[in-house]
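> Given chain A, work out where chain B should sit, using these hints.
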Amino acid sequence: MRRALILVALVGCTQYAHKATHNAPPIVNLDAPPPRETGDPNAFTPGEQPGTETLAVFVMPNILIGTGRWNNGKAIGETGMSVRFERVVDNGARYLNDSTFAVTVGTAFVQFTENRPTVYGGTFVELNYRFLMGVVPADVGMGVAVYPGASAPAIGEDLSAAIGGQLSVRLPLFQLRARYMTETGFEIVAGYELPIPFFFRRSR
Amino acid sequence: MPVRVLVLVLLGACVVTRPPELGERPRWILVGPAAYAAGCAQADAFVRKSGKTGLGLTLRVRSIASCTFAVTASRIVFGRRAIAAGAIGPLDLPGRSQRYAWLPIKFDNDEMWNDGRDDATIELDVAVAGTAATWKFPVHQQ
Numbered sequence: 001m002r003r004a005l006i007l008v009a010l011v012g013c014t015q016y017a018h019k020a021t022h023n024a025p026p027i028v029n030l031d032a033p034p035p036r037e038t039g040d041p042n043a044f045t046p047g048e049q050p051g052t053e054t055l056a057v058f059v060m061p062n063i064l065i066g067t068g069r070w071n072n073g074k075a076i077g078e079t080g081m082s083v084r085f086e087r088v089v090d091n092g093a094r095y096l097n098d099s100t101f102a103v104t105v106g107t108a109f110v111q112f113t114e115n116r117p118t119v120y121g122g123t124f125v126e127l128n129y130r131f132l133m134g135v136v137p138a139d140v141g142m143g144v145a146v147y148p149g150a151s152a153p154a155i156g157e158d159l160s161a162a163i164g165g166q167l168s169v170r171l172p173l174f175q176l177r178a179r180y181m182t183e184t185g186f187e188i189v190a191g192y193e194l195p196i197p198f199f200f201r202r203s204r
Numbered sequence: 001m002p003v004r005v006l007v008l009v010l011l012g013a014c015v016v017t018r019p020p021e022l023g024e025r026p027r028w029i030l031v032g033p034a035a036y037a038a039g040c041a042q043a044d045a046f047v048r049k050s051g052k053t054g055l056g057l058t059l060r061v062r063s064i065a066s067c068t069f070a071v072t073a074s075r076i077v078f079g080r081r082a083i084a085a086g087a088i089g090p091l092d093l094p095g096r097s098q099r100y101a102w103l104p105i106k107f108d109n110d111e112m113w114n115d116g117r118d119d120a121t122i123e124l125d126v127a128v129a130g131t132a133a134t135w136k137f138p139v140h141q142q
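The listed protein sequences derive, respectively, from chains A and B.
For the first sequence, our numbering assigns the number 1 to the initial residue and increments by one for each residue that follows.
For the second sequence, our numbering assigns the number 1 to the initial residue and increments by one for each residue that follows.
In short, the hints are calculated from the structure, not lab data.
Treat the hints loosely; a few may be bogus.
Coverage of chain B stretches by chain A, computed from C-beta distances (three or more under 8 Å per stretch; other residues unrestricted) [unchecked claim]:
| id | stretch |
| --- | --- |
| 1 | 13-22 |
| 2 | 46-59 |
| 3 | 110-121 |
For each label pair, taking beta carbons as the anchor points, the in silico distance ranges come out as [what the hints assert, rightly or not]:
| id | chain 1 | residue 1 | chain 2 | residue 2 | range |
| --- | --- | --- | --- | --- | --- |
| 4 | B | ASP125 | A | GLU48 | 29 to 35 Å |
| 5 | B | GLY130 | A | GLY39 | 25 to 31 Å |
| 6 | A | PRO61 | B | GLY86 | 54 to 60 Å |
| 7 | A | THR79 | B | ASN114 | 40 to 46 Å |
Don't be surprised by glycine CBs; every beta carbon is placed ideally from N, CA and C.
Just chain A, with the same shape it has in the complex (with noise of 0.2 Å):
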């Protein structure tokens, strides 16, 4: 039921799909010959499907609002991007499993705040780790996060490059991330994150 969802619901994208081909042979038993043997030089008896190995990409762009990044009290705001990798191995039914570990890189194109330039944010990996709550997916990370280096002429400061860990909690359509770095201390942020699945199937 769930796979027809998908597939009649995806009708544009299923169409498009490239086929894969790595690891495309049948499983065949040779163990025992074919059930009964006519002469047919046609005959053929058929191998099994041998399941599915699918890589889930998650493109994540987001917007986040948070405070600490400065400690300067002024709320931050910052808009970037996350890729997300899971992998689920099966007899070819799903798509995703209800839960999984999966890694997340991401970075932010542009961090900005009151009286202070726009910089370039944080870059990370994360090991997630995704579960159900009743229907709802939610998925808690752990990572590394480093900021570049930046320099500020105008207001006569140079911004350090910094190394921290965070933790992450996402939720549809939420994210909510709490960092703490080597020159600024702890950082909070939360806001908008859309996840758009890309699904890359092929043969076990």
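Relative to chain A, chain B alone:
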């Protein structure tokens, strides 16, 4: 569960690549008729199974007089690489008779398919009434 699926759909999910359906999957076929005749026996080979672990041949052996037929060794040859397969013990063929024998040719066919090695030759060392010879025929995977 449909709720989650609908959420994905609304977000613009896209299937970029898909595995083949069963009918789209490759299989080994004979390039031409694989017939053999020597002495008191005539034989034909048919590919009956094909998949990840190799292919399976049915040998149909007919005698024109009382005869024995055996496959003492077999192999599939990809260029310079030969992969040994099994043997078939002597088949007794009294008078004008017909028998079928099953010969699995086992190898890592995922490896061959992924490497694009889709042409091979099957070589059977046969003994017809004790006389040895080699029966060769080409196969192709498509």
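> Now tell me if each hint is right for this structure.
Status of each hint after checking the structure:
no.	hint	verdict
1	13-22	holds (count 9)
2	46-59	holds (count 12)
3	110-121	holds (count 3)
4	B/ASP125 with A/GLU48: 29 to 35 Å	32 Å, holds
5	B/GLY130 with A/GLY39: 25 to 31 Å	26 Å, holds
6	A/PRO61 with B/GLY86: 54 to 60 Å	58 Å, holds
7	A/THR79 with B/ASN114: 40 to 46 Å	41 Å, holds
Of the hints listed earlier, there is not a single one the structure fails to meet.
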